[in-house]
Amino acid sequence: MLEHHQQQGTNEVDKTNMYSKIYEFITNCNGEQVRLEPDLYAELCHQLTDHLIEIKQPIRGIEVLKKAIKKIQLFDSQLTSVHADLCQLCLLSKCMKPALEFLDTDITGIGSELGGNNDSKHFLLYYYYGGMIYTAMKNYDRALYFFEVVVTVPALVVSHIMLEAYKKYILISLILHGKMLTMPKYTSQVVCRFLKPLSVAYHELASTEHAAVKHRETFVRDKNMGLVNQVLNSMYKKNIQRLTKTFLTLSLSDVASRVQLTGPAQAESYILNMIEEGEIYAMINQKDGMVVFLDSPEKYASPETLCVLEQQMAACTKLHQYIQEMDEQIQVNPQYVKKSAGSHDEDMPATSQNSKTTYSM
Numbered sequence: 001m002l003e004h005h006q007q008q009g010t011n012e013v014d015k016t017n018m019y020s021k022i023y024e025f026i027t028n029c030n031g032e033q034v035r036l037e038p039d040l041y042a043e044l045c046h047q048l049t050d051h052l053i054e055i056k057q058p059i060r061g062i063e064v065l066k067k068a069i070k071k072i073q074l075f076d077s078q079l080t081s082v083h084a085d086l087c088q089l090c091l092l093s094k095c096m097k098p099a100l101e102f103l104d105t106d107i108t109g110i111g112s113e114l115g116g117n118n119d120s121k122h123f124l125l126y127y128y129y130g131g132m133i134y135t136a137m138k139n140y141d142r143a144l145y146f147f148e149v150v151v152t153v154p155a156l157v158v159s160h161i162m163l164e165a166y167k168k169y170i171l172i173s174l175i176l177h178g179k180m181l182t183m184p185k186y187t188s189q190v191v192c193r194f195l196k197p198l199s200v201a202y203h204e205l206a207s208t209e210h211a212a213v214k215h216r217e218t219f220v221r222d223k224n225m226g227l228v229n230q231v232l233n234s235m236y237k238k239n240i241q242r243l244t245k246t247f248l249t250l251s252l253s254d255v256a257s258r259v260q261l262t263g264p265a266q267a268e269s270y271i272l273n274m275i276e277e278g279e280i281y282a283m284i285n286q287k288d289g290m291v292v293f294l295d296s297p298e299k300y301a302s303p304e305t306l307c308v309l310e311q312q313m314a315a316c317t318k319l320h321q322y323i324q325e326m327d328e329q330i331q332v333n334p335q336y337v338k339k340s341a342g343s344h345d346e347d348m349p350a351t352s353q354n355s356k357t358t359y360s361m
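Taking the UniProt record's numbering, the leading residue of the sequence shown gets 1, the next gets one more, and so forth.
One thing to keep in mind: the hints can contain errors.
Label pairs and their computed distance ranges (CB to CB) [unchecked claim]:
{"hint": "1", "residue 1": "His177", "residue 2": "Asn17", "range": "31 to 41 Å"}
{"hint": "2", "residue 1": "Pro184", "residue 2": "Ser207", "range": "13 to 23 Å"}
{"hint": "3", "residue 1": "Leu74", "residue 2": "Gly342", "range": "26 to 36 Å"}
{"hint": "4", "residue 1": "Gln311", "residue 2": "Ile59", "range": "30 to 40 Å"}
{"hint": "5", "residue 1": "Leu74", "residue 2": "Leu248", "range": "53 to 63 Å"}
{"hint": "6", "residue 1": "Gln57", "residue 2": "Gln331", "range": "42 to 52 Å"}
{"hint": "7", "residue 1": "Leu232", "residue 2": "Arg60", "range": "32 to 42 Å"}
{"hint": "8", "residue 1": "Lys223", "residue 2": "His177", "range": "17 to 27 Å"}
{"hint": "9", "residue 1": "Ser120", "residue 2": "Arg60", "range": "26 to 36 Å"}
{"hint": "10", "residue 1": "Cys307", "residue 2": "Asn17", "range": "48 to 58 Å"}
Derived pair list, reagent style DSS-like, types lysine-lysine, alpha-carbon separation capped at 30 Å [said to hold, decoys possible]:
{"hint": "11", "residue 1": "Lys318", "residue 2": "Lys66"}
{"hint": "12", "residue 1": "Lys21", "residue 2": "Lys121"}
{"hint": "13", "residue 1": "Lys138", "residue 2": "Lys70"}
{"hint": "14", "residue 1": "Lys287", "residue 2": "Lys214"}
{"hint": "15", "residue 1": "Lys245", "residue 2": "Lys299"}
{"hint": "16", "residue 1": "Lys318", "residue 2": "Lys97"}
{"hint": "17", "residue 1": "Lys97", "residue 2": "Lys66"}
{"hint": "18", "residue 1": "Lys97", "residue 2": "Lys71"}
{"hint": "19", "residue 1": "Lys71", "residue 2": "Lys318"}
{"hint": "20", "residue 1": "Lys185", "residue 2": "Lys196"}
{"hint": "21", "residue 1": "Lys196", "residue 2": "Lys245"}
{"hint": "22", "residue 1": "Lys56", "residue 2": "Lys71"}
{"hint": "23", "residue 1": "Lys299", "residue 2": "Lys318"}
{"hint": "24", "residue 1": "Lys138", "residue 2": "Lys318"}
{"hint": "25", "residue 1": "Lys70", "residue 2": "Lys318"}
No wet-lab data here; the hints were simulated from the structure.
As the structure is a computational prediction, the values presented were derived from the model and not from experiment.
All residues carry an ideal CB built from backbone N, CA and C; glycine is no exception.
Could you put together the complete structure from these sequences and hints?
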């Protein structure tokens with residue numbers, strides 16, 4: 001049946017009817033059977049995704065692709081090429097939450113249908129789209145991690161997906177940390193060599209906010225101007241946060257001057273917003289225009305804090321167990337054993353010769 005649908009796709013006979021059948025098949029098929037032909041099943045999902053994008057109805061495919069992923073998966077943390085399709089439809093329909101069920105699950109395995117020629121494409125797209133979804137949800141920590149995965153994938157050449165992820169990686173690191181983070185040591189040299197010259201505007205933005213005006217056309221063309229504006233806002237907020245570590249009280253005029261805002265009104269707006277978001281603790285005296293910076297009331301002893309701590313400890317324990325399991329699997333992997341034995345054999349002749357000489361004496 002899968003082959004029949006694919007043949008219809010290539011001939012483009014009765015397109016609307018064909019895709020309704022594909023939709024019905026993906027919804028009602030047996031998971032055990034489609035896992036026998038994961039490549040064809042995934043290709044059906046890709047075709048359905050392309051069709052829904054073409055007719056500008058991406059939201060129609062979200063629920064069916066969620067079902068498709070669960071049917072093709074062997075376990076919840078297994079990545080399939082259909083994950084990228086789901087994330088793409090969620091982005092285009094501006095309906096992000098359905099994808100979080102999968103994005104929030106850390107990947108521990110790769111589906112067999114990702115072993116073909118397009119494996120890296122769907123892998124990169126999943127993490128790229130996932131980073132964009134987390135950015136839209138303002139979960140910048142997770143977004144930064146997803147973009148980092150795209151950029152640090154072992155590569156001999158730089159893809160366009162990696163370039164776009166690198167640009168967003170810079171912007172998110174500026175929003176989150178107020179500076180551009182250095183790339184991990186395991187990043188491919190090819191990536192380090194070619195990405196920086198292709199993203200000069202973003203590196204300049206990390207050095208000076210004037211780059212936002214200088215390279216506006218570049219940011220608009222890359223559709224990153226919204227993030228650039230958030231970078232500028234975060235720079236002002238970071239500067240205000242630094243003031244709380246130095247001063248107990250300041251006038252709104254002084255805050256505006258030190259942070260390089262247009263005036264007291266803008267300074268007041270930023271401070272009120274930061275108080276509301278819990279980014280600083282302060283009080284504004286409207287009568288004399290003074291700001292009083294306060295200490296955090298959090299004593300880290302509340303039930304909520306302890307609950308979060310327990311959850312994080314449990315996650316660390318689970319991660320440790322998983323790493324141990326992976327280590328055990330690697331040690332018995334035939335390729336690893338063969339490579340280790342080969343390296344050991346290279347060291348053996350000299351040792352063997354020495355032992356023979358010693359024995360003959």
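Here's how the hints hold up against the structure:
Taking 31 to 41 Å as the suggested C-beta distance range, the pair His177 and Asn17 does not conform, at roughly 52 Å. Taking the beta carbon of each, Pro184 and Ser207 are about 22 Å apart, inside 13 to 23 Å as hinted. For the pair Leu74 and Gly342, the beta carbons lie near 32 Å from each other, so the given range of 26 to 36 Å is met. A hinted range of 30 to 40 Å for the beta carbons of Gln311 and Ile59 is consistent with their spacing of about 33 Å.
For Leu74 paired with Leu248, a C-beta distance near 59 Å keeps the hint of 53 to 63 Å intact. A hinted range of 42 to 52 Å for the beta carbons of Gln57 and Gln331 is consistent with their spacing of about 50 Å. Between Leu232 and Arg60 the Cβ separation comes to about 38 Å, which falls inside the hinted range of 32 to 42 Å. In this structure, Lys223 and His177 meet the distance hint of 17 to 27 Å, their C-beta atoms being roughly 23 Å apart.
The supplied range of 26 to 36 Å is met by Ser120 and Arg60, whose beta-carbon atoms lie about 28 Å from each other. Checking the proposed 48 to 58 Å range against Cys307 and Asn17 shows it holds: the Cβ atoms sit about 53 Å from each other. Between Lys318 and Lys66 the alpha-carbon distance is near 26 Å, which keeps this suggested pair within the 30 Å criterion. With a C-alpha separation of about 27 Å, the suggested pair Lys21 and Lys121 falls inside the 30 Å cut-off, and the hint holds.
For the proposed pair Lys138 and Lys70, the alpha carbon gap of about 27 Å is at most 30 Å, so the pair holds. Restraint check for Lys287 and Lys214: not satisfied, since their Cα atoms lie roughly 40 Å apart, outside the 30 Å limit. Proposed proximity of Lys245 and Lys299 is supported: the alpha carbons are some 18 Å apart, at most 30 Å. Restraint check for Lys318 and Lys97: satisfied, since their Cα atoms lie roughly 25 Å apart, inside the 30 Å limit.
Between the alpha carbons of Lys97 and Lys66 the distance comes to roughly 12 Å, so the proposed pair stays at or under 30 Å and holds. The hinted pair formed by Lys97 and Lys71 meets the criterion: a straight-line CA distance of about 20 Å does not exceed 30 Å. Proposed proximity of Lys71 and Lys318 is supported: the alpha carbons are some 25 Å apart, at most 30 Å. Among the hinted pairs, Lys185 with Lys196 is consistent with the structure: their alpha-carbon atoms are about 16 Å apart, no more than 30 Å.
About 34 Å separates the Cα atoms of Lys196 and Lys245, which puts this hinted pair outside 30 Å; it is violated. Between Lys56 and Lys71, the direct Cα distance comes to roughly 26 Å. Compliance with the 30 Å bound is thereby established for this hinted pair. Between Lys299 and Lys318, the direct Cα distance comes to roughly 28 Å. Compliance with the 30 Å bound is thereby established for this hinted pair. Of the pairs offered as hints, the one joining Lys138 and Lys318 holds, with about 26 Å between alpha carbons and a cut-off of 30 Å not exceeded.
For the suggested pair Lys70 and Lys318, the alpha carbons sit about 23 Å apart, so the restraint of at most 30 Å is met.
Consistency with the previously given hints fails for numbers 1, 14 and 21, ordered from lowest to highest.
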